[in-house]
Amino acid sequence: MNWKRYQNEIIVLGALLIMLFAYMYKYNHTQAQVEGATKSQQSINELKEAAGLKKIWADKNINKKITVLKSIVPSSKVTWIKKKQNVTASYKGLSASELNKLTSKILNLPIEISLLNINKVGTVYNVELKCKW
Amino acid sequence: MSFISKNKDLLLVHSSMGRVDLPGSVNIMLTPEFYTLKREELPVKYAYQAKKIAPSLFDGLLEDGGVYEYTVFKEDGHWSFIAYDINRITTFLESKGIRADQIGKIYFAQQSVDKFSKPLLLGEKKILNVLDNTVVVVPRMSVGLESDSIDTLTFDNTFTPANGGVNVKGSSSDLLSQKQALTLASIFILFAGIFIVEGMRYSGGNGENNELASLYEEYPSLKSTYTRQGIIDKYRTINKIERKKRDIIKSLSGMIFKGVTLIKVDIGDQNFKAEYMCKTPNAVKHVKNLAKKAHFHTSNTKEKNKLIIEGTI
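Chains A and B are the protein sequences, given in the same order. Counting from 1, position 106 in the first sequence corresponds to residue 91 in this note's numbering; the numbering is continuous, with no gaps. Counting from 1, position 41 in the second sequence corresponds to residue 72 in this note's numbering; the numbering is continuous, with no gaps.
Honestly, I wouldn't trust all of these hints.
[Unchecked claim] What follows is a set of in silico ranges between Cβ atoms, one per label pair, in the way DEER data are often shown:
1) B:Phe288 / A:Leu94: 18 to 28 Å
2) B:Phe288 / A:Lys45: 37 to 47 Å
3) A:Gln(-8) / B:Glu248: 55 to 65 Å
4) A:Tyr(-9) / B:Glu71: 24 to 34 Å
5) B:Ile344 / A:Lys90: 13 to 23 Å
[Said to hold, decoys possible] Computed cross-link-like contacts, DSSO-like style, restricted to lysine-lysine with a CA-CA straight-line distance of at most 30 Å:
6) A:Lys69 / B:Lys265
7) A:Lys77 / B:Lys295
8) B:Lys304 / B:Lys281
9) A:Lys39 / B:Lys271
10) B:Lys337 / B:Lys310
11) A:Lys77 / B:Lys304
12) A:Lys50 / A:Lys117
13) B:Lys82 / A:Lys86
14) B:Lys265 / A:Lys33
15) B:Lys146 / A:Lys105
16) B:Lys265 / A:Lys49
17) A:Lys105 / B:Lys324
18) A:Lys90 / B:Lys275
19) B:Lys146 / B:Lys105
20) B:Lys275 / A:Lys33
21) A:Lys50 / B:Lys265
22) B:Lys127 / B:Lys149
23) B:Lys254 / A:Lys68
24) A:Lys68 / B:Lys149
25) B:Lys337 / B:Lys323
26) A:Lys105 / A:Lys77
27) B:Lys281 / A:Lys69
28) A:Lys115 / B:Lys295
29) B:Lys156 / A:Lys40
30) B:Lys281 / A:Lys62
31) B:Lys281 / A:Lys90
32) B:Lys324 / B:Lys276
33) A:Lys90 / B:Lys323
34) A:Lys105 / B:Lys304
It should be emphasised that the hints constitute simulated quantities derived from the structure, not laboratory data. Quick reminder that beta carbons are idealized off the backbone N, C-alpha and C, glycines included.
Produce the complete structure using the sequences and hints provided.
Pasting the structure below:
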């Protein structure tokens, strides 16, 4: 085969191959970047979620914050038992407004509610609360 | 391509021709001065098979130092082999003002042997004639054509053979001319350059990495994927359940309005139960609708206008 006769075609083919290799180079780098970005974004989301969850449910100040459930009503109406990270509280004779205040506080504290029992006796309310954190 | 080539003018090239000035490309017909002919009867069917053995047929017949190429065609039951030095031909053509890109196809006079029914003048001293079915160049004197009134052929495009013909490098019959090839190659190389530059740009850093780095700085204890996953696994369930409990309490609170009194609520780890006392049947209906919207289960008790709402967490 006389290669010289096809010199022009060989030049074009060679240039075409170089372009294809260059395209593959770009494609690989683009893919690598997209994969890297996806992985980074996944890590960011994971990290943000972990940080957010930890901030809410592993709050180191909760030991102090929980005492508000004791002080929110007159002490005569509360029986308070705290063991490590567990609280059992019994409220007797709460008015409607006191009950509202108490439930609002319970809802806004990052605690795990194991039991919440509300009973209306006459015009007042008795509340049993068991929670942990 | 061959269709285009056949429409071109045919130019007879011989050693005594003068310089020409061509406006476009032409097909070339070479006289025997530029090739060596050999006929053989071979038991082969196809031209490509015959072409394979062409070099061996010309052993010792060709001048040393030439780079020879071969073409084969069939004539009256035997194979005609033509050996030619393409470099010598193109050099000669260039010396006569015919560039490679002006050459369509190159034919050999032997391919149109039937057309040479009479002698054809090649300048003043030579003629192209047919002897033993072979086109040859002979001195004009040898056939006695010395008078101006001799009966000779006029060369024209009708001498173009129906088949065959060879291309030369850079000729106008090539798939691509040199100019086109260089243009295309330049475009491809330009694109290659663009792709490489883009590829290099993509290999650089990005915004996500910077954000991740700053988050790592802020939360060094969460650098490890295992740590993060452990925290997420531990607190995601708690978060989901506790939020649901709080949503239930909010929904139950929303069912207290004028004429409806909450008398009991019991929320545990798995399920909940609430009791409401309503003053009118309409209030019962309204509470039931609210409970239905919140996807809670409702039931009546023996006590009139007392409603129980329950569900799972």
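Each hint, compared with the structure:
The beta-carbon spacing between B:Phe288 and A:Leu94, approximately 27 Å, falls within the hinted interval of 18 to 28 Å. Separated by about 40 Å at the C-beta atoms, B:Phe288 and A:Lys45 satisfy the suggested range of 37 to 47 Å. In this structure, A:Gln(-8) and B:Glu248 meet the distance hint of 55 to 65 Å, their C-beta atoms being roughly 60 Å apart. Here the CB-CB span from A:Tyr(-9) to B:Glu71 is close to 29 Å, well matched to the stated 24 to 34 Å.
A C-beta distance of roughly 21 Å is found between B:Ile344 and A:Lys90, which places it inside the suggested range of 13 to 23 Å. Restraint check for A:Lys69 and B:Lys265: the C-alpha separation of about 20 Å stays at or below 30 Å, so the hint holds. This hinted pair checks out: A:Lys77 and B:Lys295 have alpha carbons roughly 14 Å apart, not beyond 30 Å. Taken as a hint, the B:Lys304 and B:Lys281 pair is honoured in the structure, with Cα atoms around 14 Å apart against an allowance of 30 Å.
Restraint check: the Cα-Cα separation between A:Lys39 and B:Lys271 comes to about 14 Å, which is no more than 30 Å; the hinted pair holds. With a CA separation close to 9 Å, the supplied pair B:Lys337 and B:Lys310 stays within the 30 Å bound. Note on A:Lys77 and B:Lys304: the hinted pairing holds, with a Cα-Cα distance of about 20 Å set against a maximum of 30 Å. Distance hint between A:Lys50 and A:Lys117 is fulfilled; the C-alpha atoms sit about 13 Å from each other, no more than 30 Å.
For the given pair, B:Lys82 sits about 106 Å from A:Lys86 by alpha-carbon distance, which is inconsistent with the 30 Å threshold. Of the pairs offered as hints, the one joining B:Lys265 and A:Lys33 holds, with about 15 Å between alpha carbons and a cut-off of 30 Å not exceeded. For the suggested pair B:Lys146 and A:Lys105, the alpha carbons sit about 125 Å apart, so the restraint of at most 30 Å is broken. Note on B:Lys265 and A:Lys49: the hinted pairing holds, with a Cα-Cα distance of about 23 Å set against a maximum of 30 Å.
Among the hinted pairs, A:Lys105 with B:Lys324 is consistent with the structure: their alpha-carbon atoms are about 25 Å apart, no more than 30 Å. Proximity of A:Lys90 to B:Lys275 is assessed by CA-CA distance (about 16 Å); at most 30 Å being required, the pair is judged to hold. Distance check on the hinted pair: B:Lys146 and B:Lys105 sit about 16 Å apart at the alpha-carbon level, within 30 Å; holds. For a cut-off of 30 Å, the pair hint linking B:Lys275 to A:Lys33 stands: about 22 Å separates their Cα positions.
Distance restraint check for A:Lys50 and B:Lys265: the Cα-Cα separation of roughly 22 Å lies within the 30 Å cut-off, and the hinted pair is therefore satisfied. Proximity of B:Lys127 to B:Lys149 is assessed by CA-CA distance (about 27 Å); at most 30 Å being required, the pair is judged to hold. At roughly 33 Å between alpha-carbon atoms, B:Lys254 and A:Lys68 are farther apart than 30 Å, so this suggested pair is violated. Restraint check for A:Lys68 and B:Lys149: not satisfied, since their Cα atoms lie roughly 128 Å apart, outside the 30 Å limit.
The straight-line distance between the Cα atoms of B:Lys337 and B:Lys323 is roughly 16 Å, inside the 30 Å bound, and the hint therefore holds. About 10 Å separates the Cα atoms of A:Lys105 and A:Lys77, which keeps this hinted pair within 30 Å; it holds. This hinted pair checks out: B:Lys281 and A:Lys69 have alpha carbons roughly 29 Å apart, not beyond 30 Å. With a C-alpha separation of about 17 Å, the suggested pair A:Lys115 and B:Lys295 falls inside the 30 Å cut-off, and the hint holds.
Of the pairs offered as hints, the one joining B:Lys156 and A:Lys40 is violated, with about 110 Å between alpha carbons and a cut-off of 30 Å exceeded. The straight-line distance between the Cα atoms of B:Lys281 and A:Lys62 is roughly 24 Å, inside the 30 Å bound, and the hint therefore holds. For the hint linking B:Lys281 to A:Lys90, the alpha-carbon distance of about 13 Å falls within 30 Å, and the restraint holds. Proximity of B:Lys324 to B:Lys276 is assessed by CA-CA distance (about 17 Å); at most 30 Å being required, the pair is judged to hold.
Annotation: proposed proximity of A:Lys90 to B:Lys323 holds, straight-line Cα distance about 27 Å (limit 30 Å). Restraint check for A:Lys105 and B:Lys304: the C-alpha separation of about 14 Å stays at or below 30 Å, so the hint holds.
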